[in-house]
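So the chains spell out like this:
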Amino acid sequence: MIRTPLRPLARILDARSRGENPDAIERENIRLRHEEMRDRSRLRAEGRLLMLGVFFFCAFSVVGLRMGALSASEPSEPRASAAGASIVAQRADIVDRQGRILATNLETYSLYAQPPQMINPERAATELARVFPELKAEDLLEDFTGKRKFLWIRKKLSPEQKQAVHDIGDPGLMFGPREMRLYPNGRLAAHVLGGASFGREGVHAAEVIGVAGVERQFDDRLRDPAQDGKPLELSLDLSVQAAAEQVLYGGMKLMNAKGAAAVLMDVHTGEIISLVSLPDFDPNDRPRPATEGDASDSPLFNRAVQGVYELGSTFKIFAVAQAMELGLVNPDTLINTKGPLQWGRHRIRDFHNYGSELSITKVIVKSSNIGTARVAQMIGVARQKEFLRSLGLFEPTHVEMSEARAGKPLLPPNWSELSTMTISYGHGLSATPMHLAAGYAAIANGGTKVEPTLLKQSGPQYGPRVMSENTAAAARTMLRKVVTEGTASFGEVAGYAVGGKTGTADKPKENGGGYYKDKVIATFASMFPAHDPKYVLIVTLDEPVETSGAQPRRTAGWTAVPVAAEMIRRVAPLLGMHPEIEPAQLADITLTSN
Amino acid sequence: MTEMVHGSIPMRDVEPVLPKWWRTIDKWTMSCILILFGVGILLGLAASPPLAEKNGFEPFHYVQRQAFFGGLALVAMLATSMMNPVLVRRLAVLGFVGAFLALLALPFLGTDFGKGAVRWYSLGFASIQPSEFLKPGFVVVAAWMLAAGQEINGPPGRSWSLILTVTIVTLLAMQPDFGQACLILFGWGVMYFVAGAPMLLLVGMAGGVVLAGSFAYNNSEHFARRIDGFLSPDVDPTTQLGYATNAIREGGFFGVGVGEGEVKWSLPDAHTDFIIAVAAEEYGLVLVLIIIALYASIVVRSFLRLMKERDPFIRLAGTGLAAMFGVQAMINMGVAVRLLPAKGMTLPFVSYGGSSLIAGGIAVGMLLAFTRTRPQGEIGDILRGRPR
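So the sequence lines, in the order shown, correspond to chains A and B.
The first sequence begins at 1 in the numbering used here and counts up by one.
The second sequence begins at 1 in the numbering used here and counts up by one.
Hints are not guaranteed to be accurate.
As the list claims (entries may be wrong) - In silico DSS-like links for lysine-lysine, alpha-carbon gap of 25 Å or less: (1) B:Lys308 x A:Lys147; (2) A:Lys408 x A:Lys481; (3) B:Lys20 x A:Lys149; (4) A:Lys258 x A:Lys408; (5) B:Lys308 x B:Lys54; (6) A:Lys408 x A:Lys253.
To be verified - Far from chain B by the CB rule (all over 10 Å, computed), these chain A residues: (7) His34; (8) Ala45; (9) Arg48; (10) Gly64; (11) Glu74; (12) Glu179; (13) Asp220; (14) Ala290; (15) Pro340.
No lab work stands behind these hints: they were computed from the structure.
Don't be surprised by glycine CBs; every beta carbon is placed ideally from N, CA and C.
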């Protein structure tokens, strides 16, 4: 404690010496100091109170002036949609390779209700149920008369519906401006585009977000204001896509298949010109994902990039090409095809008995499992794995769709020599048609790997080389022979020199025990024109059966090949390819004049 | 001797209460307050029928309640204004303690009436907001502490009052009721300013308020939304603020006419926070300016009277009460004209509200009691040769 000095010291000492109590002197001193201090503080407070008074006066004046200014200004009509006018096209369009619209935006309105502002909820409910038959008047009335202060009624309105609701005339029914995604071509390229839905919703605007396909893959790009609404250019060609879908749909119905997929790809640029998966859906009205049953039977399922199938004999060309590349065989090397080939408990058979020996070319042309298996034995496990990996068959394709990541190939858990043999003819390894298209494109373009892409490219890809030019050329010759004299004889399209390989794979049973006898995946992997391929086309039919003959026929040569041939016939002219009709033999020319 | 005294009126050495009150009261301020009360009833007639209709009462239900509570408030005001400052201080301290305890018990016993902040006690027929009663009590207690702190050998009143302020502000901010918290803080700041705060400290405090504001902005969504709404340049016409601004414009200088206003039907808070908008729409700028003038004259006149006051406690308490009263009115009107961010604050004596009316009556009564004419030792000053 600080000891307060006795003040005034002189008088106190004086008083003490006289024996008086100094307290009275000190109190007197304090009183005087108090009075002086009080006067000082009153003076100061006077000034500060004056300041406060002036401050308050000014502040009140400002409020008054502002009131006056407001009173003098013109009132504006309150409008519920004042902020809505500023909604601009936020999501970029999607166009095909020629700039034709695949997805765009449409200005529309959503309908919401504010029950507290309703004048006649009963009437509003019944009238709304009349405008929208899918709404129930009782439910609406319950919402309108309950505790809710706000509810959405419809997310999108047609102009007619909007007018009808407007005519109800209830102030509690309101419209919020919306921008909705429109796919003017309906089902066309549905799986590629995917679809969009509303994200966060407000009264004045709602976010449109992509839920599948490229809409989802490029969601950020499409919504990026920095792109300034620049459309996203896809590699698809709308007219080719339309023709391909039409042909594939017809083929699927003719062949009694439950599903089908087709991939048409430029072998140099990797651009996917057409990608079809059936059954399909309308992205404008995207169905709900299947909650029960097999998801791969849903129309939403993209068979071309999501569905992994054992693609059968189409794989044989990979084994043969690799063997040629390694110098193990040449097209004329004879291979022992005496069957059945016994390996452990497993027997490998051919569809027919092709005799004891076939040349490599014939192995492909006749599609001999035994011959391919023997070739695979020469290659061995490690080298086969390495080659298939270089073709991109070990990982999901990098095609720009959110679904592509789900199309991860199924590899044998334990890659034995038997696996090598079965995989050489397409069993034991499941991949998507897109994988197959990429693999065939490598053969078609002269031996370099191509990544399939859905974006328009400006030039060819120069991927890593997976086989030499000569090997690719030899493989192409064999594939051409499959069409001219082999299993794909229905695949001949005059003038387009189709080459390809059929593949018929028994479907594995869902519970994992063996294969169905009467359910196949029929695939035709083709390229055209075979001498200088521009495009690769994969057509896959799920459970086709051709019933025009005495026996139901399920092999790809009878099912997938005719569909693919028809598709090439329709699509090739659209792609700007001229049929190369070989000049008729000189002897047939009749000189009419000289 | 006996007969001289017997039967006659006993001589008293003090002046009778009522004449003394009438002689010393600030009649101008009191008139202003009575006029304000009348304006409140008048606006209640305009603003509250929509609410009554919504809640299923007869149209003037809330006007009757306003008149009833207003009568109570006037009685409280008159009774308080007749007390001497020491009695006012004693009762105010008791009231403050009671209100403080009530504030503490709010989280356990209070209700939020579905508004997201627990601020009220529901009594069935009426609700009580303890913070309304806390305000005048707090001003008196803080003024007492500050005044005592100035005494030689006195207690450390400034620190005590600061601690008290911070405690109350924290309690209010936790409800959350940032409006009342700011009022309390402001009232203390004004008193400290008049008590002779160093200027440097005041500047620092202003900075502190800015910091606290930004903290609240970052941590309370409730608060941030209102500030954002204020800062955005164009007012959304569908918000309360948009309606209020429009109503003021609609009213113009002379109003659209009694009972012709539209805004009261769209604004849920037309009878409380935005009553000035109703006034502006129906009666025009004229009435609004009268209301502003009434508030301004109450505040400024009280300050001018307090300038002559010698007793530091009375001066500080009166200053705090007048400043709080004026600031509350100013904030309410400032929000309606978009000078300030949206903040629910009633217009004292005009807005509807039972407990706020009575608390306002008590506060104004105290103000009147403190601004009564008192001998300020003028003769002593003259004798000692000091002016005034």
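Evaluation of the provided hints:
no.	hint	result
1	B:Lys308 x A:Lys147	violated (59 Å)
2	A:Lys408 x A:Lys481	violated (32 Å)
3	B:Lys20 x A:Lys149	violated (58 Å)
4	A:Lys258 x A:Lys408	holds (22 Å)
5	B:Lys308 x B:Lys54	violated (51 Å)
6	A:Lys408 x A:Lys253	violated (29 Å)
7	His34	violated (6 Å)
8	Ala45	violated (5 Å)
9	Arg48	violated (5 Å)
10	Gly64	violated (5 Å)
11	Glu74	violated (7 Å)
12	Glu179	holds (20 Å)
13	Asp220	holds (26 Å)
14	Ala290	holds (40 Å)
15	Pro340	holds (75 Å)
Violation of the numbered hints given earlier is confined to hints 1, 2, 3, 5, 6, 7, 8, 9, 10 and 11; the remaining hints are satisfied by the structure.
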